[in-house]
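Listed below, chain by chain, are the residues.
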Amino acid sequence: MKLITNFIVDAVVFVGFLLVNEPKITNQSIHEWLGLAVFVTLLVHLILHWKWVVMKMLSFFKKMPVRDRINFIVDFIFFLAIITVTLTGVLMSKSALPALGISVGHSGTWKQLHSVSADASLYTLALHFALHWSWIIAAFKRLIIQPIGRLFRKTPKLAAVSVRAENE
Amino acid sequence: MKILGRILIVLLVTAAFGTAIYFIAQAISQSGGLLPGGNPQPGEEFTGDPLSAGIVSGGEDGIQLPEGGGGGSGNGPRDGSGNRRGGGGGEEELPAGQNWLELLKDIAIIGVVTLVVVLIPKVFRRKKAALPLSHV
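Protein chains in written order, with our numbering: chain H, 96 to 263; chain S, 2 to 137.
In case anyone wonders, no lab produced these hints; they're calculated from the structure. Virtual Cβ for every residue (Gly too), placed ideally from N, Cα, C. Treat the hints with care, since some could be wrong.
Straight-line C-alpha distance at most 25 Å; calculated DSS-like pairs for lysine-lysine [unchecked claim]:
{"id": "1", "chain 1": "H", "residue 1": "K119", "chain 2": "H", "residue 2": "K189"}
{"id": "2", "chain 1": "H", "residue 1": "K97", "chain 2": "H", "residue 2": "K236"}
{"id": "3", "chain 1": "H", "residue 1": "K146", "chain 2": "H", "residue 2": "K157"}
{"id": "4", "chain 1": "H", "residue 1": "K236", "chain 2": "S", "residue 2": "K3"}
{"id": "5", "chain 1": "H", "residue 1": "K146", "chain 2": "H", "residue 2": "K158"}
{"id": "6", "chain 1": "S", "residue 1": "K123", "chain 2": "H", "residue 2": "K97"}
{"id": "7", "chain 1": "S", "residue 1": "K3", "chain 2": "H", "residue 2": "K119"}
{"id": "8", "chain 1": "S", "residue 1": "K3", "chain 2": "H", "residue 2": "K151"}
{"id": "9", "chain 1": "H", "residue 1": "K97", "chain 2": "H", "residue 2": "K158"}
{"id": "10", "chain 1": "H", "residue 1": "K146", "chain 2": "H", "residue 2": "K97"}
{"id": "11", "chain 1": "S", "residue 1": "K123", "chain 2": "H", "residue 2": "K146"}
The calculated label-pair distances, taken between Cβ atoms and stated as ranges, are [claimed, not checked]:
{"id": "12", "chain 1": "S", "residue 1": "A17", "chain 2": "H", "residue 2": "Q241", "range": "37 to 45 Å"}
{"id": "13", "chain 1": "H", "residue 1": "I172", "chain 2": "S", "residue 2": "V113", "range": "34 to 42 Å"}
{"id": "14", "chain 1": "S", "residue 1": "V14", "chain 2": "H", "residue 2": "Y218", "range": "38 to 46 Å"}
{"id": "15", "chain 1": "S", "residue 1": "I8", "chain 2": "H", "residue 2": "I231", "range": "24 to 32 Å"}
{"id": "16", "chain 1": "S", "residue 1": "I4", "chain 2": "H", "residue 2": "V211", "range": "20 to 28 Å"}
The task is simple: from the sequences and hints, build the whole structure.
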């Protein structure tokens, strides 16, 4: 259950992030609302991995495998980049916030910061994806490949029953 | 209760980082900004040096930024249709199909980074294994 929850949340965040990262594919309002949704889903992802985050945070300045340390740093940068991209996006919102009756001023700084942090979040997401590659492959095999394979495979029990029936 | 506490902590941390980023960006903006020549405020035109800012003239009725040049905030004067001009990308239309190429580019970036991160340790491991014992 936990594996499937993690896998679905991660897949939703990944696809959502890719779509949000290209505002020319979606229109402005979809870009803004989808961006907010991806941000909330990322917070859910963080809460689902709460124990890992707390454990790594507490042992960061102690002895720790290099891979875990790199992983934690990448995740932290990604977290900062996502907060920046969401905050700047909200601050120059043209559709989502005005729809809620909130008007915000626009500044060139926000636009530039939004663009830089969006690029940073793409690269750190790529690193995060790469560092979790073995988990992604294992989860993909277990949740998608194996169930599909089972559909096309005859179970030994059924085979035995059919052989017995033929003999009788 | 446990989950609620975690949600609250995540929201607090997010708010703290968000506030810090906001004030840092404000300070940078007030001390000259990320854009050379300062940032135009809502309703006012860019007055900095267009060449040093990388801004090209968009004709008589507005300023335009080259694509990917960052900066700009859609603060230029309104055009005939009532839409604001300028704004450094994000709103200008690209030919159909090119938008999806951008998405493919992002996927390619993720693919390349994954290949590099996954393959490099394997190559190093093989090289180590191939070394004769006297070198170890």
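These are the hints, each one checked on the structure:
no. : hint                             : in the structure
1   : K119(H) with K189(H)             : holds, 15 Å
2   : K97(H) with K236(H)              : holds, 16 Å
3   : K146(H) with K157(H)             : holds, 17 Å
4   : K236(H) with K3(S)               : violated, 32 Å
5   : K146(H) with K158(H)             : holds, 18 Å
6   : K123(S) with K97(H)              : violated, 30 Å
7   : K3(S) with K119(H)               : violated, 40 Å
8   : K3(S) with K151(H)               : holds, 19 Å
9   : K97(H) with K158(H)              : violated, 29 Å
10  : K146(H) with K97(H)              : holds, 13 Å
11  : K123(S) with K146(H)             : violated, 29 Å
12  : A17(S) with Q241(H): 37 to 45 Å  : holds, 43 Å
13  : I172(H) with V113(S): 34 to 42 Å : violated, 19 Å
14  : V14(S) with Y218(H): 38 to 46 Å  : violated, 22 Å
15  : I8(S) with I231(H): 24 to 32 Å   : holds, 26 Å
16  : I4(S) with V211(H): 20 to 28 Å   : violated, 34 Å
Violation of the numbered hints given earlier is confined to hints 4, 6, 7, 9, 11, 13, 14 and 16; the remaining hints are satisfied by the structure.
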